[in-house]
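Novice: Line order of the protein sequences matches chains A and B. Its first residue numbered 1, the first sequence is counted upward by one per residue in the numbering used here. Its first residue numbered 1, the second sequence is counted upward by one per residue in the numbering used here.
Hint data in this document are derived by calculation from the structure and do not stem from the laboratory. A portion of the hints provided could be inaccurate.
These stretches of chain A come out as covered by chain B in the derived footprint (C-beta under 8 Å, 3 or more residues) [what the hints assert, rightly or not]:
| # | segment |
| --- | --- |
| 1 | 33–46 |
| 2 | 68–82 |
| 3 | 164–171 |
| 4 | 183–196 |
Mimicking BS3-like on lysine-lysine, the simulated pairs with C-alpha atoms at most 30 Å apart in a straight line are [claimed, not checked]:
| # | chain 1 | residue 1 | chain 2 | residue 2 |
| --- | --- | --- | --- | --- |
| 5 | B | LYS195 | A | LYS150 |
| 6 | B | LYS131 | A | LYS195 |
| 7 | A | LYS186 | B | LYS111 |
| 8 | A | LYS186 | B | LYS51 |
| 9 | A | LYS94 | B | LYS173 |
| 10 | A | LYS111 | B | LYS195 |
| 11 | A | LYS131 | A | LYS94 |
| 12 | A | LYS86 | A | LYS150 |
| 13 | A | LYS195 | B | LYS161 |
| 14 | B | LYS173 | B | LYS131 |
| 15 | B | LYS186 | B | LYS51 |
| 16 | A | LYS173 | B | LYS173 |
| 17 | B | LYS173 | A | LYS186 |
| 18 | A | LYS131 | B | LYS186 |
| 19 | B | LYS195 | A | LYS195 |
| 20 | B | LYS173 | B | LYS111 |
| 21 | B | LYS161 | A | LYS161 |
| 22 | B | LYS51 | A | LYS161 |
| 23 | A | LYS111 | B | LYS51 |
| 24 | A | LYS111 | B | LYS186 |
| 25 | A | LYS94 | B | LYS161 |
Quantities reported herein were computed from a predicted structural model and do not represent experimental measurements. Yeah, the Cβ is synthetic: ideal placement off N, Cα and C, and Gly gets one too.
Protein chains: 2
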Amino acid sequence: MKNNGVLIVLSAPSGCGKGTILSTVLEQNDNLFYSISATTRAPREGEEDGKHYHFVSKDEFMQLIDRDEVLEYTTYCDNYYGTPRKAVEEQLAKGRDVILEIEVDGAMQIKNSYPNAVFVFILPPSIAELKRRLGKRGTESEEVIEGRLKEAVNEIAMAYKYDYIIVNDELEKAINTLNCVIGGEKQTVSRMINKIDEVLDNA
Amino acid sequence: MKNNGVLIVLSAPSGCGKGTILSTVLEQNDNLFYSISATTRAPREGEEDGKHYHFVSKDEFMQLIDRDEVLEYTTYCDNYYGTPRKAVEEQLAKGRDVILEIEVDGAMQIKNSYPNAVFVFILPPSIAELKRRLGKRGTESEEVIEGRLKEAVNEIAMAYKYDYIIVNDELEKAINTLNCVIGGEKQTVSRMINKIDEVLDNA
Numbered sequence: 001m002k003n004n005g006v007l008i009v010l011s012a013p014s015g016c017g018k019g020t021i022l023s024t025v026l027e028q029n030d031n032l033f034y035s036i037s038a039t040t041r042a043p044r045e046g047e048e049d050g051k052h053y054h055f056v057s058k059d060e061f062m063q064l065i066d067r068d069e070v071l072e073y074t075t076y077c078d079n080y081y082g083t084p085r086k087a088v089e090e091q092l093a094k095g096r097d098v099i100l101e102i103e104v105d106g107a108m109q110i111k112n113s114y115p116n117a118v119f120v121f122i123l124p125p126s127i128a129e130l131k132r133r134l135g136k137r138g139t140e141s142e143e144v145i146e147g148r149l150k151e152a153v154n155e156i157a158m159a160y161k162y163d164y165i166i167v168n169d170e171l172e173k174a175i176n177t178l179n180c181v182i183g184g185e186k187q188t189v190s191r192m193i194n195k196i197d198e199v200l201d202n203a
Numbered sequence: 001m002k003n004n005g006v007l008i009v010l011s012a013p014s015g016c017g018k019g020t021i022l023s024t025v026l027e028q029n030d031n032l033f034y035s036i037s038a039t040t041r042a043p044r045e046g047e048e049d050g051k052h053y054h055f056v057s058k059d060e061f062m063q064l065i066d067r068d069e070v071l072e073y074t075t076y077c078d079n080y081y082g083t084p085r086k087a088v089e090e091q092l093a094k095g096r097d098v099i100l101e102i103e104v105d106g107a108m109q110i111k112n113s114y115p116n117a118v119f120v121f122i123l124p125p126s127i128a129e130l131k132r133r134l135g136k137r138g139t140e141s142e143e144v145i146e147g148r149l150k151e152a153v154n155e156i157a158m159a160y161k162y163d164y165i166i167v168n169d170e171l172e173k174a175i176n177t178l179n180c181v182i183g184g185e186k187q188t189v190s191r192m193i194n195k196i197d198e199v200l201d202n203a
């Protein structure tokens with residue numbers, strides 16, 4: 001029996017710095033594979049198929065669902081978003097760790113099918129600080145920001161169902177903590193049984 | 001409600017580098033408190049009371065047991081060894097993490113009374129390598145080394161009951177991994193509930 005990689009599910013409200021944390025952790029970990037979501041929405045400017053998303057038609061997405069080829073999916077603004085199963089399972093079987101960046105509903109779907117996955121929630125230091133960060137972008141109206149904050153509160157209420165909580169008060173610290181969480185998880189006894197067996201078998 | 005520290009229980013067969021790993025991790029973590037064992041054995045040359053051990057009489061040790069003032073205890077070569085409860089609980093209540101370095105039987109006693117403690121086992125890369133390391137010291141007879149190896153195999157057979165397994169193949173890596181395990185554990189949701197509550201209560 002060989003060791004599979006670890007499946008990490010990362011969620012965070014908008015404005016929590018998830019993108020920066022994720023891209024840095026990916027740069028620092030050669031063994032970590034980022035799972036690209038499939039979506040039926042149209043590509044935005046600068047977005048590449050197979051890099052930012054797998055852009056598919058609605059018919060294609062329906063087929064993915066019918067064939068049980070998505071680990072989870074959700075709809076948002078009439079578009080479908082989901083995690084293709086094949087790439088994730090192939091990488092895990094190779095012993096690579098896989099990270100999914102998905103919202104809370106999708107994460108809970110994964111929890112049902114992959115109880116061994118590791119669920120990580122990135123928390124803002126406070127809602128006041130999140131409001132400040134969202135406002136700083138200067139691109140959204142007060143109304144949009146208030147909507148985002150309400151959504152954030154709903155998402156944070158689901159954080160209790162995650163395995164690990166990382167507060168993004170300092171970016172570098174949050175990055176190190178996520179690295180530690182992944183590193184620590186790889187040492188859990190359920191993932192190290194083969195190594196104990198190996199030492200005892202050769203005693 | 002405030003957050004208590006994490007209780008870490010560290011075990012390893014003799015020759016696995018536990019002492020070096022532990023002293024380095026203690027130097028690197030100001031918040032980590034090393035719990036000093038009590039023992040009825042006589043101090044060896046260079047050992048200081050209250051630094052290496054709390055040296056107590058057999059009567060005093062019996063009183064500690066009677067008053068439920070040890071978290072665990074064991075006997076070895078007619079001497080008692082145990083973990084005084086008071087210092088551990090005081091430090092945990094202050095939010096400091098506490099590390100105990102104890103053998104497998106004592107660790108299992110702690111597991112019954114402190115199910116939230118974190119159990120870490122340091123594994124040698126192989127028994128052959130452990131034999132090489134024990135032989136390298138050049139101070140023990142072949143017979144003593146064989147006895148140690150048998151004991152190591154018995155201890156490693158208990159590693160399945162620990163939470164985390166760290167292989168000491170490279171010292172620096174093992175030290176970093178132990179730091180990560182402690183760091184990661186502090187982010188587990190059960191230890192972060194207060195922070196989620198705090199963010200939501202102030203929303």
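Novice: Taking the earlier hints as the rules, which of them does this structure contradict?
Specialist: 1, 2, 8, 11, 12, 19, 22 and 23
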